[in-house]
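Enquirer: The primary structure of each chain is shown beneath.
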Amino acid sequence: MSVDANTDATSGAGVEGRDDVLLRVRNLDAGYGDLQILTDVDMDVFDGEYVTIVGPNGAGKSTTMKSVFGLTVHMGGNVRFKDEDITGRRPEDIIHVGIGYVPQNDNVFPTLTVEENLEMGAYILDEVPKDAMEAVYERFPILRERKDQKAGTMSGGQQQMLAMGRALMLDPDLLLLDEPSAGLAPDLVEEMFDKIDEINEAGTAILMVEQNAKEALRRCDRGYVLANGQNRYMDTGTALLEDEQVRQDFLGG
Amino acid sequence: MSVRDDFTDRIPGGDAGLIVLVLLATYLAYVLAGFVLGYTLRGQLNSIATLTFYIGVFAMLSLALNLHWGYTGLFNIGIVGFMAVGVYVTAIVTKPTYVAGGAAQVGGLGLPLWVGILAGMLAAALLGLVVALPALRLRADYLAIVTIAMSEIVRFSFLSGELQQFQLFGNRVGFGGGSGLILDFAPPLEALLRGVGLWDAYLGFVDAFQVVVPRNPKPVVDGLIYGLLLLGFVAAFYWLLKRTGESPFGRVLKAIREDEDVANALGKNTDRFKIKSFMLGCALMGLAGILWLVPQGAVTPNFFRPRVTFFVWIALIIGGAGSNTGSVLGGAVFAAVLYQGPRYFQNLVTAVFPNLDSPSGFGQAISPLISQFDPVPFLLYTVDSIRQLQLVVMGLVLIWLMHNRPEGMLGYRKETASVIPLSRPKSMTADGGDDDSVRTDGGVDAAAEGGETDE
Amino acid sequence: MSDAADQPVEDVANKVDEGALGAFASGVDTSVDYPLQVEGLEKSFGGITAVDGATFEVESGTLTGLIGPNGAGKSTTFNLITGMLKPDAGTVTFNGEDITGEEPHQIANRGMVRTFQIARELSEMTVLENMMLAPKHQRGETLWRSVMPGVRDDVREQEEELLERVWEVLDFFDIAHIAEEYAGNLSGGQRKLLEMARALLTDPDMLLLDEPFAGVNPTLEKKLLEHVHELREQGYTFLLVEHDMDLIMNNCEHVIVLHQGSVLTEGTPDEIRSNEEVIEAYLGGNV
Amino acid sequence: IGGGGGGGGPEGLVVIGYPESGIQLFRDYYSASDGSEEILVPDGMRSGSMPGQVGNDMANVTGTAPAAGGPNQETFNQLFEDEYDAAPGVFTSQTYDSVAIQLLANAAAGENSGPAIKDQMRRMANPGGMTVGPDNLVEGIEAAANGEDIDYQGASSSVNFDENGDPAEAAYAIWEFDAENNATSSVETQSFAGENPDGNGPSADSGPGGSDREMSVGILLPETGDLAAVGAPMIQAGQIPVMQVNDANPAGLSVNAQIEDTQTSPDAGVSAAQSLVSAGVPSVCGSASSGVNVPVSQQAFIPNEIVGCSPSSTALSVSNLEDNDFIFRTAPSDFLQGRVMAQVMSERLEVSSVSTLYVNNDYGQQLSERFANVFSDSFDGEVYNQVAFNIGESSYSSVIETALSGPEN
Amino acid sequence: MRGLVIGLAGIGLSMTYSILNFANFSHGDYITAGAFSGWATTYLIAGLGRADIGALLLVGAGGSVYGGTLGIGVLSTPLAVVAGIVVSGAFSIALSLAVDRTIFRPIRNEDGITLLITSVGVAFALRYLMQFVFGSDVRGTTAQPPSVSLYFIDGTVFINAHDITLLVVASALMLGVHVLLQRTKLGKAMRAMADNKDLALITGISTERVVRATWIIGGGLTGVAGYMFILWKGTLGFNDGWLLLLLIFAAVILGGIGSIYGAIAGGLVIGLTASMSVLWIPSAFSRAAAFVVMIVILLVKPSGLFSGRATA
Ligand SMILES: Nc1ncnc2c1ncn2[C@@H]1O[C@H](COP(=O)(O)OP(=O)(O)OP(=O)(O)O)[C@@H](O)[C@H]1O
Ligand SMILES: Nc1ncnc2c1ncn2[C@@H]1O[C@H](COP(=O)(O)OP(=O)(O)OP(=O)(O)O)[C@@H](O)[C@H]1O
Ligand SMILES: CC(C)C[C@H](N)C(=O)O
Ligand SMILES: [Mg+2]
Ligand SMILES: [Mg+2]
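Chains as they are written, first to last, in this note's numbering: chain A, 1 to 253; chain B, 1001 to 1455; chain C, 2001 to 2287; chain D, 3001 to 3409; chain E, 4001 to 4312.
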């Protein structure tokens, strides 16, 4: 049931019809320097929805995330959040509108302690929200154990958790997660996905990039497949999982 | 993505052509300036010789620096230190032995100049080793600070009264303290020509030159030939460094510049490579220092202020770090425009508008401008202070380059670090993948094909 | 910790069995051959003991998995084995020789090469230059050989040979189309591919791969794994850190489980899968 | 915070240097000592602004300097004051003489040629012929252009060159700071005549002369750098004879003077000299400090056969240059000044133990050495320490401490 | 004493070094610029009516007025000195912000070396521009300040009013900065930024604001340090800051980049080394000795003596 990417995304399986759209990306062109990576990317996330982006290496998944967060060079199209045009805004503004972002690499402050990292998560607030921090510690007990350790000396997986924790400090409406399970031990992968489910169930919309595509698609509401900087497929997670072509080309059979 | 399409692509003869072109343009400009200044033929030749001299010196130095910074990523801002050691050691080895009552306060070992030059280079390389052994593990900016501090330590040592004179192999030698050393031995050109037995022929040539410059042509010819000699050295440096760069050795240096751990993990003894590269560069800096200062006949420690180091850096950055062609070009442009240019400019202004009295201070210069909008005194003062402003201009040029053309005048040059071009060898069948498709990845490719077949 | 300490004793017996199997797989030697032996490795950073008496061996010609929870000390163990870090205690033996405390390049030249968990490409070099760098003992790596006329022809010859191999490997890893690209412009996954390809080119006996497939698209991952198996059959030995249990279970002959810096247990995938302790500490009941 | 000042230190100090670093040095001295030492400074420090700059009246400082003791000193002072409305500084009269004698020699030689001018230098300077001074320089030029013999009687001395090209006689002023008026005042002048006060050395017997041409001369002095304060009035003084000639046009002669800046630095000096060479200048007044004069002479003047006549380079080494007789100077060698200083220290200031602080270059090193030798050999004085200091430091407390401490520290 | 100046000026260098991640070679010239602006003010106030305004504004360029003649000193002309301190701080802040905006901001994302090289350009331009305006001569700026002599076993030590002023001002400022950074979120944000700028951006830290704050604090301290340095040593020339710069680097590295106490302590150590070393080695080597100390520290403990002590 493969459908042409663009028509699919824009006319989008009844997607256009819903009126509770949270994030709407239209015809986005973006890149680095004068190198264009994304061409006409469309993407929607609705209130409380759980959306996954999959695709081959170098497809532009991370770039899409970064573009939403104002970290790339904008070359065309627009990004709207809660009916507000946030195209080309700076990250420090975007965080105020209620988007949290966990980047793929380098996502902790290495010489700050774990606790300080979490505090930085709530930087834009006047005071560190103690309950939010408590909630993060509940979710990731290892962080409490290591709260005075410098983040840079933690293992790859531990850092990933810390980065998640930090993004949760502000209780955002939309959380952008770039490969949150990368480098996590299997139990933690499960746990991480469970946590994401929990977060999602608590009302936070999720836009996630994952290479652990099968698991991600299984759990999400809707999935996008990106390739070559363009939309290629869009459908519910399960539908994508069942699509023979998608399996063959992107999910390793 | 690939080599930037540049005006340079259209110059016949490629890089060498470009260099020649720039040199020709420079000389033309200087000859014209000399013409306006009313130089005689002798004056023209002398000014060309001086220009060539500085072009040669700066080109050599920026080539040597390019080996450090462009190739190996070693941020050396102690260049003058290595130059100083090169010159001083050469002096001590070559100066005639001490005789009481001579002009020179101290003597030397009285060995031939070539021994002195080798010793000087060796000493610079050894100083490089001493700095390198412990310091190469440091971050680039720390290495920078260590090297500049080292160059100051070297200068202070040569300045110090304690090392003013001492005994070496029973000879009275020394660094001469603040008054420096008189280099009372045959200048390099003479030594070279005598060495190859061409001295008399040369003198004959000088005499013949009287046709062009009737009176005392020797210094003019000396200057010109020495300039040529320096250009020869530049060519040799260029050749040496180009081959060094375009080789597996250069490849490892480049890798070290990017990420030392990786090179190490791939089995390269990075310390050894770095030390070799550093020492080679230092020796070349020493040699450049020798060729610069030995013909001056005297050397004082205060010549070796950090400023000169920054001159070389500016030259390199103008041309573009990482590129040998760029280094030569940067050296030439720096010498011609920024180093020698302002003096000519000033002389031109005074030649065109003679008898202008410029104000003696900023105050007198600026007050007419403020009180009666009379900019003339200010402009005069500006022209008069061009030596100071020259350094301001250098600073601004540096800033401008870093903003607009951090890769240097030539734009980005891809000088591939290998002996051969790295395109797919003919012998291999081009089974897909080597065409210039815009695909970003194999995975995408597979997907794209999948998508197409589906339609 | 105390039970972890006496664990290895039990395992040694275990391993003899496995060894026989392994030898059969590599099909050459009849005696068991362990190129890499790690004995009582310890490393702590400030207050944290990252590796705490890890002891294990890797059998020749196998694909051995090294798994364990985050922070178990896997990457640190790699760093200790390859000389990037100096151990506080313990020894590392490679091909029968004690290599503890040697410099990374010495170890690499002995034939043991690693990749990094977070890919470290040489960004301002092209993919091709990255690859050409890798082969060991290149003639042109001595200064005078690469400069002197005459001698340089040797170097040229060798470069030509290398270049062919480089292109083959690039083709294999499906990154030939970005060969002229600067490595810094590659995407996360492409970097991992480049890194693996580069490690292979050093012609190692043994490869230590730190999460090489994290972030690699599944389709490509499958292809790479096939290649790893091919190489293993040619006699290469692999030690692989990976969190993808399916991958480990389906591809490794032998699995070592690291926990809190020491070996919790080791064995065949099946044994590991059913080991209570492992499930407790790592797998979390969902295998 | 400064130490010292207690017992054990020398009674007197000799400070050899230039005003730029001298300001800092004396400041540091006055905050480290109560000013009880007798201090003697040579020519380099003679700058009226010192007390104002140092913030102290510097009453314990005495100076020596080659005096403007020539027969025509007053005339020159008047000329200078008329032109620039200021009192002439150190070495201004020597600068005037240097340029004047070059112009005379140029007029006599009849061409802008170094070797020809060199031969005329002594003929113009040394006795014999028409007496010329600043007041009748224009007539002198005319006479020289007519081939007449001239005896130049300068502003600084009678300007007779010996075989080294050095002045054959010299006068030294002993001076003190006059803090009230930002000036220095001479208290006494001492004259020394060499063995041959009339000078000697090779010289042409006649000069071709010639009229209606442009003579060129270079002025290579420090406008910037450590000697900027001394250099500026010197440059002004050097332009006076040029203006005199250009205003009057004797025998149809005019002067083209090219001014270059040495920046008080040898390398900048050499390249400035090269640009004079290119411009075809046959003779140059300069350069000021010995540290610059020696390399400039060796690298630019001698090989290019240009006459160099420094108005202020006093170091001993200048006499010994292998110069083919191209290098002259109108300032006397420190061989004499060292002696004068030793004498002043011992007899006038009645000090028997001293330390010297000298600027780390040719001038400082040699003068300090010479002073120390004469002071201990001829005047039975004791020299505790000879301490070098580098120009341009931001603090000299440490060298001062060494200088103020006891013997051989 | 010089150590205090070095320490004070070092704080600014250390802050920009760690937060903007580059070794700022123009720092020395900020010191000079601050000094010139402050001293122009001091001259103007102290000499108003007694000398030509232009000459006063140019800090007596070309020997037109002398600070000594004007009788400048902390006790004799306190108002002029205080105003000078204020202006020097304010001017340096303005200067560093202006330079940052026009020169460093457009290349903020480049690596440290690019910025370092650019800062060398800034240093050259600034230094010789000052020479162009104020002339190249060194001038004395103060009258000899009153001093008290203390008797030690080995001799007399004179302490003058300017030594004491320096001590008081420097200590007060250091304390002030300490409190400022401890009591505010700014300190933490600065460290976060020093760590990972992109991430700081993502967490909503206005990195530009932090950068500005850095320049304001660092620049202000630098300017005042420049002024105090001149007050203390009594002479002013266009090269002063540059000559001090290497010693400041030595101090900052000694103390550990980014650590404020480190910079202060490093400054004192370097100051002491430079003056105490005279006891053992020839005075010509006293600066060299300070550099040797720095090099040794870099080799033995590259992170500095006080590293690891989070202080901001
Ligand atoms: N900073 C950058 N500068 C230039 N090009 C970049 C940069 N970052 C990424 N790219 C290029 O952009 C393209 C898309 O990269 P992106 O990181 O978005 O891929 P991705 O889909 O996240 O892949 P992966 O799964 O491997 O992380 C790649 O071709 C990459 O080479
Ligand atoms: N340089 C260091 N300084 C301090 N602690 C460190 C350092 N490197 C590692 N550690 C600590 O050592 C432990 C082991 O880390 P290591 O990176 O080896 O884990 P890992 O098994 O590779 O985990 P992951 O699977 O998450 O990558 C962790 O607790 C980590 O915080
Ligand atoms: C201008 C003078 C102070 C120069 C000094 N007499 C010297 O020879 O250096
Ligand atoms: Mg990505
Ligand atoms: Mg790891």
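Note that these hints are calculated values from the structure, not bench results.
Every residue gets a Cβ at the ideal spot worked out from N, C-alpha and C, and that includes glycine.
Among the hints, erroneous ones may be present.
[Said to hold, decoys possible] Here are the simulated BS3-like cross-link-like pairs (lysine-lysine), alpha carbons at most 27 Å apart as the crow flies:
| no. | chain 1 | residue 1 | chain 2 | residue 2 |
| --- | --- | --- | --- | --- |
| 1 | C | K2222 | B | K1242 |
| 2 | E | K4197 | A | K130 |
| 3 | A | K214 | C | K2136 |
| 4 | A | K147 | E | K4185 |
[To be verified] Sample of chain D residues lacking proximity to chain E, with all beta carbon distances greater than 12 Å (derived):
| no. | residue |
| --- | --- |
| 5 | I3023 |
| 6 | A3032 |
| 7 | G3055 |
| 8 | N3146 |
| 9 | G3147 |
| 10 | A3257 |
| 11 | S3376 |
| 12 | S3395 |
Enquirer: All hints, please: hold or fail.
Expert: Going through the hints against the structure:
no., hint, in the structure
1, C:K2222 with B:K1242, "43 Å, violated"
2, E:K4197 with A:K130, "25 Å, holds"
3, A:K214 with C:K2136, "40 Å, violated"
4, A:K147 with E:K4185, "19 Å, holds"
5, I3023, "5 Å, violated"
6, A3032, "7 Å, violated"
7, G3055, "3 Å, violated"
8, N3146, "43 Å, holds"
9, G3147, "45 Å, holds"
10, A3257, "23 Å, holds"
11, S3376, "22 Å, holds"
12, S3395, "6 Å, violated"
Taken one by one, the earlier hints fail for this structure at numbers 1, 3, 5, 6, 7, 12, listed in ascending order.
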